[in-house]
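S.K.: Each chain, written out:
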Amino acid sequence: MTHLFHPQNMDLTPFLFFTGKGGVGKTSIACATATALADKGEKVLLISTDPASNLQDVFGIHLTMAYKEIAEVPNLFVSNLDPEAAAADYREKIVGPYRGKLPEVAVKQMEEQLSGSCTVEIAAFNTFSSMLTDQSITQTFDHVIFDTAPTGHTLRLLQLPTAWSGFFKTNTHGTSCLGPLAGLSDKKKQYEETVQALADRKRTTLMLVTRPDISALSEAARASKELRNIGIENQYLLVNGRMKEFSKADSLASAFIKREQQALAHLPIELKNIPAFDLFLAPFNMTGVMNIRRLFSTENSSEAVQTSHTDQNKIVQYPKLNVVIDQLLKQKQRVIFTMGKGGVGKTTIARRIAVGLAAHGNKVHVTTTDPAGHLDELISGENGNITVSQIDPKKEVERYRLEVINQSKDQLDSEGLAYLEEDLRSPCTEEIAVFRAFADVVERADDEIVVIDTAPSGHTLLLLDAAEAYHREIAHTAGEIPASVRNLLPRLRNSDQTAVIIVTLAETTPVFESERLATDLKRAGITPKWWVVNQSLAAAKTIHPVLQVRAANEHAWIERVAIDSEDHMAVVPWHE
Amino acid sequence: MKSIQIFEPAMCCATGVCGPGVNPELIRITGAVGNLQRQGYPINRYNLANDPAVFAETKTIHDLLESKGMEVLPATFVDGQLVKEGTYPTNQDLAKWTSVPLDELSKKPQFRITLNVNN
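Chains A and S, in that order, are what the protein sequence lines are.
The C-terminal position of the first sequence is numbered 576 in full-length UniProt numbering, with every residue numbered one higher than the one before it.
The C-terminal position of the second sequence is numbered 119 in full-length UniProt numbering, with every residue numbered one higher than the one before it.
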């Protein structure tokens, strides 16, 4: 038996982390919790650590790394931890003192070296770590609430303090391969304190946000277990989007409820002993302070919704997914990406496209770059022409380490090898290993069609930034660059070879995030080819009041996507 | 003992393993310099990304970069004299400057048993 989640009545720790699969409602609940606590008179700092943050959409204001007080909610301060901005600050801190002291060309090379993905990650992580340890923050705010990126990215962020402190501890040759962290040699203590703060149940609570569905629950279970392993044991489970029973005659609503009951009946073992709370599906989008406040108010029930009456007869015919597949067959792009916000169904669309292409006799390889991806979801529907793989960071790092050691062992004696192995234990190695695996999988397009199901936007953008940074670095590297790495960026930018498909839902934040993603992609020289609106309720018939309202609200967003995509769009209905 | 300084371009780390490709030259020089340092030899590597202060304070390298640009890196100085630019010193170079036998700089030769099954 679970209870409703009412944070204002709970005795909560100073640090609260909201994590979970994409689309489960982390941002909504984090914002509602922050607002509820601030309304009680507590001083609250709300920070998004997602490189594709949605906080600005919720509050309707532009956000930066500097804390901004929300006008309608005194005591609530909000900021976005922007990894690129953090990296720029960090870079300037290191390079700045040498402007004028070193020749300009040298300063420029330092800047370039400090633009790689490892610097970006470290800078973001360093900013994050200072939030947990900086006394001016911990003394000013009663609560610091972290709205995190989807699981894969967040696990990495929370595991980094342990990884770096461990690396500092075992590193015997001093400054080597701290990489861009060398500018932070004084940070050792801060990272140790971060590890302690995260593991202290008086200070930190992990809020595992999930939906009552199997894949979200299994991702929560994984996060729970991995974070318990690094000492974050104080965990709550928040089951968001539960449905109230309405009418058995409504097949769509009944399907929702049936799915819920099945999922909750098979709760993963890791989640069984965690205090659990419920939140009901709200009939409104979580934007604006008014709606945020409604989430935990007692009048928020579906019955209270005066159905802003929807015209159920207005069923517009939108283009279907087979339009996209037919065009891909015709235009013969061999690298196909599905990208978008977490939880929009990128994997499902990737699989359906792969199956569609394979049905025409093509050899297709499907892969996911999402560290929290579910390979089993890709495999179902497999036929003889389809192969599947996953880029698992841990395995890629191992593979890369072995490869480098095998390449080098003829040149080094045992001490040299030990030194090399130590460099390879640097957490920075993960970046390059994952990146090379990504380049390798794209290279498979020489022989077959490659469908790449990506991690949620933030993570994917960082991967593409890495492609650009490494591409620049290649120019002045004497090392042996694999052809796959050399060819990567030119191939991604060639629209005859690569098709990016943006997957979204017909709702506020997924559309906003998709639009930002499209802009960022264009800046990197990659133009999205198709937009797919997934899990659309608009085409489904329902009399459930909550679902009706949500369905009616979709049309405006679908129209907007039609414009964004210049009518290169398909709509996939929600199905049971 | 002559002191040896090697000034290198901005890199993530001494072995270069976090760059886009692994450079066998970096692996070799890492091994050789490591062996010399373990014998107490005054040899140091300075990487622009990690040790910008040394570049700023050492007039010779500063002036060299100013006049010839970044292509001079890696640049090697023996007792303050520029002896090599644009490439790393070979193990033979290092053996000559330090009088340390060549086989102590790199991996000690190992016996290999080769089975030639084709003949």
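Hint data in this document are derived by calculation from the structure and do not stem from the laboratory.
These numbers come from a predicted model, not from an experiment.
Careful: at least some of the hints might be erroneous.
[Said to hold, decoys possible] Derived SDA-like pairs (lysine to any residue); straight-line CA-CA distance at most 25 Å:
{"id": "1", "chain 1": "A", "residue 1": "Lys-101", "chain 2": "S", "residue 2": "Leu-36"}
{"id": "2", "chain 1": "A", "residue 1": "Lys-409", "chain 2": "S", "residue 2": "Leu-36"}
{"id": "3", "chain 1": "A", "residue 1": "Lys-93", "chain 2": "S", "residue 2": "Lys-59"}
{"id": "4", "chain 1": "A", "residue 1": "Lys-330", "chain 2": "A", "residue 2": "Ala-518"}
[Unchecked claim] If you anchor each label on the Cβ, the simulated ranges turn out as follows:
{"id": "5", "chain 1": "A", "residue 1": "Lys-320", "chain 2": "S", "residue 2": "Met-70", "range": "50 to 58 Å"}
{"id": "6", "chain 1": "A", "residue 1": "Arg-399", "chain 2": "S", "residue 2": "Gln-81", "range": "39 to 47 Å"}
{"id": "7", "chain 1": "S", "residue 1": "Leu-102", "chain 2": "A", "residue 2": "Pro-490", "range": "41 to 49 Å"}
{"id": "8", "chain 1": "S", "residue 1": "Thr-60", "chain 2": "A", "residue 2": "Gly-60", "range": "54 to 62 Å"}
{"id": "9", "chain 1": "S", "residue 1": "Gln-81", "chain 2": "A", "residue 2": "Val-105", "range": "41 to 49 Å"}
Glycine is no exception: its CB is placed at the ideal position from the N, C-alpha and C atoms.
S.K.: Now, for every hint given, state plainly whether the structure supports it.
M.R.: Results of checking the hints against the structure:
1. With a C-alpha separation of about 31 Å, the suggested pairing of A/Lys-101 with S/Leu-36 is violated against the 25 Å cut-off.
2. The suggested pairing of A/Lys-409 with S/Leu-36 holds, with an alpha-carbon distance near 19 Å, which does not exceed 25 Å.
3. Proposed proximity of A/Lys-93 and S/Lys-59 is supported: the alpha carbons are some 23 Å apart, at most 25 Å.
4. For the hint pairing A/Lys-330 with A/Ala-518, the CA-to-CA distance comes to about 23 Å; that is within 25 Å, so the pair holds.
5. Distance hint for A/Lys-320 and S/Met-70: a CB-CB separation of about 55 Å, consistent with the stated range 50 to 58 Å.
6. In this structure the supplied range 39 to 47 Å holds for A/Arg-399 paired with S/Gln-81, their Cβ-Cβ distance being about 44 Å.
7. For S/Leu-102 paired with A/Pro-490, a C-beta distance near 43 Å keeps the hint of 41 to 49 Å intact.
8. For S/Thr-60 and A/Gly-60, the Cβ-Cβ distance of about 58 Å falls inside the hinted range of 54 to 62 Å, so the restraint holds.
9. The beta-carbon spacing between S/Gln-81 and A/Val-105, approximately 23 Å, falls outside the hinted interval of 41 to 49 Å.
When held up to the earlier numbered hints, the structure conflicts with 1 and 9 and fits the remainder.
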